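There are 4 protein chains.
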Amino acid sequence: MHAIGVDIGGTKIAAGVVDENGKILARTLGATEPSDPASIDRAVSDVYAELSAQFEVAAIGVAAAGFVNADRSTVLFAPNIAWRDYPLRENVRALLTDDVRVVVENDANAAGWAEFRFGAGRDVDDMLLLTVGTGLGGAIVIGGNLVRGAWGVAAEVGHMRVVPHGHICGCGNEGCWEQYASGSALERDARAAIIKHPERAGRLLELADGDLVEGSHVTSAAKGGDPLAIELLAELGRWIGEGSASVAALLDPALVVIGGGVGAAGELLLGPARYAYAHSLSARGYRPFAQFRLAAMGNDAGIVGAADLARI
Amino acid sequence: MHAIGVDIGGTKIAAGVVDENGKILARTLGATEPSDPASIDRAVSDVYAELSAQFEVAAIGVAAAGFVNADRSTVLFAPNIAWRDYPLRENVRALLTDDVRVVVENDANAAGWAEFRFGAGRDVDDMLLLTVGTGLGGAIVIGGNLVRGAWGVAAEVGHMRVVPHGHICGCGNEGCWEQYASGSALERDARAAIIKHPERAGRLLELADGDLVEGSHVTSAAKGGDPLAIELLAELGRWIGEGSASVAALLDPALVVIGGGVGAAGELLLGPARYAYAHSLSARGYRPFAQFRLAAMGNDAGIVGAADLARI
Amino acid sequence: MHAIGVDIGGTKIAAGVVDENGKILARTLGATEPSDPASIDRAVSDVYAELSAQFEVAAIGVAAAGFVNADRSTVLFAPNIAWRDYPLRENVRALLTDDVRVVVENDANAAGWAEFRFGAGRDVDDMLLLTVGTGLGGAIVIGGNLVRGAWGVAAEVGHMRVVPHGHICGCGNEGCWEQYASGSALERDARAAIIKHPERAGRLLELADGDLVEGSHVTSAAKGGDPLAIELLAELGRWIGEGSASVAALLDPALVVIGGGVGAAGELLLGPARYAYAHSLSARGYRPFAQFRLAAMGNDAGIVGAADLARI
Amino acid sequence: MHAIGVDIGGTKIAAGVVDENGKILARTLGATEPSDPASIDRAVSDVYAELSAQFEVAAIGVAAAGFVNADRSTVLFAPNIAWRDYPLRENVRALLTDDVRVVVENDANAAGWAEFRFGAGRDVDDMLLLTVGTGLGGAIVIGGNLVRGAWGVAAEVGHMRVVPHGHICGCGNEGCWEQYASGSALERDARAAIIKHPERAGRLLELADGDLVEGSHVTSAAKGGDPLAIELLAELGRWIGEGSASVAALLDPALVVIGGGVGAAGELLLGPARYAYAHSLSARGYRPFAQFRLAAMGNDAGIVGAADLARI
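Chains as they are written, first to last, in this note's numbering: chain C, 1 to 312; chain Z, 1001 to 1312; chain D, 2001 to 2312; chain E, 3001 to 3312.
Chain C on its own, in the form it takes in the complex (with noise of 0.2 Å):
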């Protein structure tokens, strides 16, 4: 049985029909307006046209960058789309000519089930997913099971606090995770790095060519082997191993899989991490640790996940 994933981002909607064994058998795009609701749910109508005229699919699933509500009806909050309490499920099958099956999910959710069903998860039954980007987002699955919590606001892994009294974090706590272990944060540690150790500087000053440092600089000087971009990355492994252990206090998971931008840096962010991991992991010695793995579906992993959630 086939379904669709459709991927929202900011400006454009990428779509495909999905196979049961995760494969993407066909694909289109389209353009949204983000301030215009509405221009998304026709865009997503748009695709599902295009896409069922080619494969008979029984589901569409959408992944949304958003707090969804825990019947997968709702977009509760969007950071970089204007929807507020928007019943996007609704409004969508309002749009389609069938009565087909329609859920809506959060992108990194969608993103971690892609992983779990079909990628660097698909051997295990509990893994952490951690995507690194601009923030730290990420996807738990346990027992073979998506968490979503009982409001549909689980998995926001970026905000579990490390830091007591910690860096100020846009969502007005103090010490989230994703405040140390993301891009944004490897950028500002570069930054501050390039003013505090200037001697040792010389190799990211050269990459940035004038501009601000940027995390792809850090990784491409670091695979170069430059000491200080090398302490970077492993800086911020470091806390991406630590956080793991916290989570793996709660959840046992067998498996933590790196995702987003970051995972460029390979062994450079990976070792770092597991060597955190270990160092920090409670009941040491009575089980393995968890593998750290990279993910596997890259920019798919949206529409695939999206898809199969939508067979659920």
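Hints may contain errors.
Here chain D is said to cover these stretches of chain E; the calculated rule only asks that three of the stretch's residues, wherever they fall, bring their Cβ under 8 Å from a Cβ of chain D [what the hints assert, rightly or not]: (1) 3121-3134; (2) 3160-3174; (3) 3186-3193.
For the record, the hints were derived by calculation from the structure and aren't laboratory data.
For clarity, every value in this text was computed on a predicted model and none was experimentally measured.
Ideal Cβ placement from N, Cα and C applies to all residues, glycine included.
Following the hints, complete the assembly by docking chains Z, D and E onto the known chain C.
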């Protein structure tokens, strides 16, 4: 279908026949020797013989204070009983004359399950149990399922790290939640406060009557209006609430149940916990606050939960 | 022997003739342009001309909000005035017709010296001044001597780190004391508390009357008994007291003087500061607790202290 | 003018005649009983008699490991000797036949003064001594003056708080610097690292040879290139450097002198300390970085400093 639940303590075991509504129909007790695991096998076998003579039972669940492996057969480690990779299920089965289903459960998980099915959490699907005693134990129920984790060692909630470089924990790590949110932490802080603020400690010293102040003195003094004792409980409640907010970032529970001896403090503990939770919760405004309630099953929780889990 | 003290603000200067008892015998004001350091040189020269016509003076001390070098001649950097390695003493002397002694002092050091000589600290030899305003400034007097440090940059008390990985400071570091113990911190926390605990924020919102809550609203509400405002000031006081205990581990002062606008809160601030200090002090029991007092010199402290230091 | 310096240890005292250049002209030793303060009085009197027979001396300085009051006469408390409000100066004077000047000094202050006058700090006016041993002791010299504080208890540097809610200290507080920057902290962390990372601990285990790993093993392994040992020293150095930056925010020293047994690690400790200091210093760019140097006076520091301070 009835089941027997057995709660194994250090020097005695308590057992009961439990019906499908969580009611204990018959009870018995037995003595054990914690340094002799075989004595515990026999005691379990004995209570089974005694109780199964009175009621027809389909299963027996054994609640044990230790790490239990994922297939619920072996105690990997127990702090107070000489179990090390101990095949408790097989050893007990070898002593039973009937071919009854036997399962081993972590005691906090059993207690949490009892609260979830028949106690404080019977109206929710997503619940965190915190057992605030000598340490900080707990159980997690998500989507109606007990969270055991990949290797059976989930819900070691007391070892989530809440303070980097924080108090050294018996587990070998730093900053574990139970170093801040447990009866031991309360006593440690009460004893320090007496030294630091003798002018405010009159009531606590009076209750301690020449001995070390204990948690029960703090609760008693606080109920009588003693400001220092009220502050000490509020501080404990604050750590409970703040840590629970970190758990909520991951799991979005509808309910936090507080068990353990410190629960006797009631609202003097729950009030500050709720306030700190509200202060620290992420996604505030997009979901209700979780409820904070006291555990309702008392000392029967282990028996009832173990029996009920054995049926599943 | 009289001396002139000059207190240089952003757009104006205040000056006075000060006698050996710290009394201001005559005053004057002048206007300056912060982006034009030469305008400040001239303004200082003008007030000198005006005041020295009225009284015979032996020296002129200039208090400046910036880093002043160790020989008290050059402003290394000022946040609000365009001084960068600026030879303020030489430039002023070049404009004066008399061969009078000229010294430049950091403004917080000048104010602290005034408190030490003639104000809240006139009965002690070892004193910490904390100026709790937009930031956290201060001055240190040890053994009757002002502490300037090897390069003139001592007593940047607000940048002692109190939280590893803590709030990011404008100075580029993390966890600086002034991020927790300043009027800005009070306002930030008050604004967050209003969002997090709207049910408790009625009085603060009423006083703010549609604008952002400010520190003065918190003080005013607290004096009227508002519980949330009292808590906010107590939290500020707690950070002042705990940080002062760290200073005491190094310097063992007899007195902590609290200046700056937040001092208006009086005992609502000092009480919690004293309590936290007592709670955190080392060598407790082997020395008295330092006193906590409000600054006594008001806005004259800069003039009086600069004049007095110029005489030394 | 010569003076005698006496360094009182647990079970023995070392004394010498010291000239104005800090040179020891004659030495002697004596035995004491730490539980019997009178035995120490007599031992001091005896070494005075012996040494004053050889050289004319003007004063005797006694260095004691304990809190010494501000007028340098009484030991308020000592951790390892039975001094409690003990009038050491008067008791010693009562035993002397000459009317010589007697002063009592804290031993770390005496050692710091020796470094300042004749050792690693003889070219600066503002210096911090850190004695990194079992605990973290120290001395502070500001503007050429030893900082004793209002009640003689200054420079208890190890009890500056560096981590809120941090490790519990023997002093009753949490997060004291010496819990992170001392030989004891190094050993604690080394032992934990062996358990947590056995695959990296081969060299340390080899050196410990069946006993507990000690600080000297870490230093030795690190000097041989062992990566884990190098990391452990770097972590110790990091805490030294970060804490020193907090001290610098207050005192702006030109120099940090590292004494105590851990100094044997040399650059393996100083390098990371300098780096962390540079990373954490405030007013960076407006002053040079303080130097970090090893102590130069060795075990003579107490004798030389006590003698020299007795002359002042």
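Tell me whether the statement that chain D covers the segment 3121-3134 of chain E is true, taking a Cβ distance below 8 Å and needing three residues at minimum.
Per the Cβ count (3), the hint holds.
Are three or more residues of the segment 3160-3174 of chain E within 8 Å, CB to CB, of chain D?
Since three or more residues must qualify, the claim that chain D covers the segment 3160-3174 of chain E holds, with 8 doing so at under 8 Å.
Can the segment 3186-3193 of chain E be counted as covered by chain D under the rule of three residues or more with Cβ-Cβ separation shorter than 8 Å?
violated (count 0)
Going down the numbered hints, you'll see the structure goes against just number 3.
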